[in-house]
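Asker: Sequence:
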Amino acid sequence: MPNLKFKQLLIVSSSTETANLFEFNEKLNLIVAVDNSVGKSTLAKLLFWGLGCEPELDSKWNSTDSKTLVVFSVDDVEYSVKRYKSQISLKEQGNDYVDYEKIGGDFSQRMAKILGFKALLPNRKTGLMVTPPPAFYFLPFYIDQKRSWSNAWDNFEKLAQFENWKSIIVKYHVGLLTPKHFQLETQKAEKKDIQKSIKEEIVKIETTLEVVENYIPTITNATVKSDKFETLTEEIKVELNDLQLSQEKLLSSLAVLNSERVYLEQQKVITEKIIAELDKDYKYTIENIEEDEVECPLCGVVHENSIINRASIMTDKIQAENQLESLLTELEKVKKKLVNKDKDLYIAREQIKGINEKYIIEDEKEVIETTEANDDSQGLNKEKVIIDFNQIIENIAGNSIKQNVIEDKTSKLVKSDDLSADIRKIGKEQKALLTNEEIENINLSFSSIFTKYIGLLDAEAVNTSEINSPLQYNKVIKEGGAAEGSRAILAYYLTIFSMVEKFGNEVKAGLVIDTPNQQEQSDSNYDKIVDILTNRMSDTTQIIMCAMENEHIEPFREKAKVITLDKNKLLNKTRYVELSNYYLNN
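First residue of the sequence shown: 339, per our numbering; consecutive thereafter.
One thing to keep in mind: the hints can contain errors.
Dumping the calculated SDA-like pairs for lysine to any residue here, alpha-carbon to alpha-carbon at most 20 Å [to be verified]:
hint	residue 1	residue 2
1	Lys611	Ala658
2	Lys655	Lys440
3	Lys405	Tyr921
4	Lys496	Gln604
5	Lys484	Thr853
6	Lys840	Pro340
7	Lys621	Leu665
8	Lys866	Tyr921
9	Lys440	Tyr422
10	Lys484	Asp396
11	Lys526	Ser754
12	Lys463	Phe500
13	Lys816	Asp796
14	Lys463	Val607
15	Lys790	Glu839
16	Lys655	Arg462
17	Lys750	Lys440
18	Lys463	Asp654
19	Lys496	Pro517
20	Lys866	Asn855
21	Lys451	Ser411
22	Lys451	Gln431
23	Lys526	Lys766
24	Lys405	Leu909
25	Lys769	Ser807
26	Lys790	Leu665
27	Lys456	Ile764
28	Lys463	Lys750
29	Lys673	Gln604
Pairwise CB distance ranges (calculated) [unchecked claim]:
hint	residue 1	residue 2	range
30	Glu804	Ile777	18 to 26 Å
31	Glu767	Glu804	27 to 35 Å
32	Leu583	Val752	23 to 31 Å
33	Asn924	Thr354	18 to 26 Å
Everything labelled a hint here was simulated from the structure, so no lab data went into it. By construction, the Cβ of each residue, glycine as well, lies at the ideal position given by its N, Cα and C atoms.
Please build the complete structure, drawing on both the sequences and the hints.
Answerer: In structure tokens form, the structure reads like this:
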């Protein structure tokens, strides 16, 4: 498996005229300080920030308006990434920098290719599969001092830009979802997108049929025979033909506009309901703020109840409100067009009245009459029916549209059914990518490795029998007391890291762990944590550990490259000119 190794981190702040350069060993690295506020955590965060992730940085640090240069290698190839705000540039060894205006899109795709990261996530708006930002790759390789010890898979901000992503990303990292799965998921999403458009068109067609029915006049004798038209002069025939075409276009436009109006009104109602439901969801999560999880009172599904999730609900609500405003604007435009088309139809009908005053078509229909003398005595009589040109033209035009629309609907229904069959076929192919035995083997490996780390960290009060899958991270968070629970969480993270090594389909990054001595671990338990990080990780693993000066980290220190932060914290005025030039030239 290829390995990512951090090599350098350069930080330059033009606003404060300070800078610093940090270099890292390929194996063990220790970021240490005697004071807890000199920037150990910020240094670790900037490694990931510089590569396009969004760790939680405080406003004081953001005010330094800094830019970074991160140098890393994947096996023998070296890469450099410069970042300033959302602008980011990437250089591969021997090539020039390529500039990107944002983290997502092309930059994320390029990084994913370098990192062998094949996971894709559905875009919230379109449902189509896209490459997520680098943060989703780095999740198993970073343990944040504040966020990671209280909530698993929450190391970075802005992860909620994707909906329900955790299960997908966790499964990919531990090998439960393969790269082929995402290739097929892309095909499936594209077919679903096409099918969605077709279904929307079918709804519009059904509305069109209803509208046309309302506009077509009912003629008692449905067929106007050709011999009746032969009584008309050639001049009238030509005029009728023009009027028929004109009426057909008008009716078609009216049908389309009315169907669009009905569709927009339906979307308006749906969007209003979504806004109301999101408002209820937000209020419900606020009322249950003390709980880590909330069970939906309607469907029974358990959802996470975090600040991020609540912020996500508010984001969805704002997007829905914007969509509603757009729908109302579009609806008003359609209504104005309908008024204009109705005026055009009125003018056309007035033209036909002029012909009606000169010419009349009489047709006959058979009626059954009963004599007064004998109710059982019946006879067939014919009565004359007067049909005006307006009825004839609108009937012909309307039925012509109706026939075309029905044919169009039939064609689209066939396409939709074919797409459904394709989607089901792809789903079956996805399920067949891993056998039940392979899935069971991965889950058993997780249980075995997790149990091993629980033992090494002396966190055996945690009920491991209830934790049988990498997806059961919420159970890990809730287990044990404060100190023991922290060791259980560390056991989970180390297990995931080991699973990536064993089953992952990606480059393996180094492990960055910020302050493992959480919840005031006892001396013996802290020794166990340090021993694992020092002696029990694979030889190819790079580890960057942040810690306070303490005798218990001495075994790690002896083998590590040590970065000691002093009162000057991360940035140094004396090196600003030198390192500013270095930044420009590298």
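Asker: Could you work out which of the previously given hints the structure breaks and list their numbers from low to high?
Answerer: 2, 4, 7, 8, 17, 19, 26 and 28
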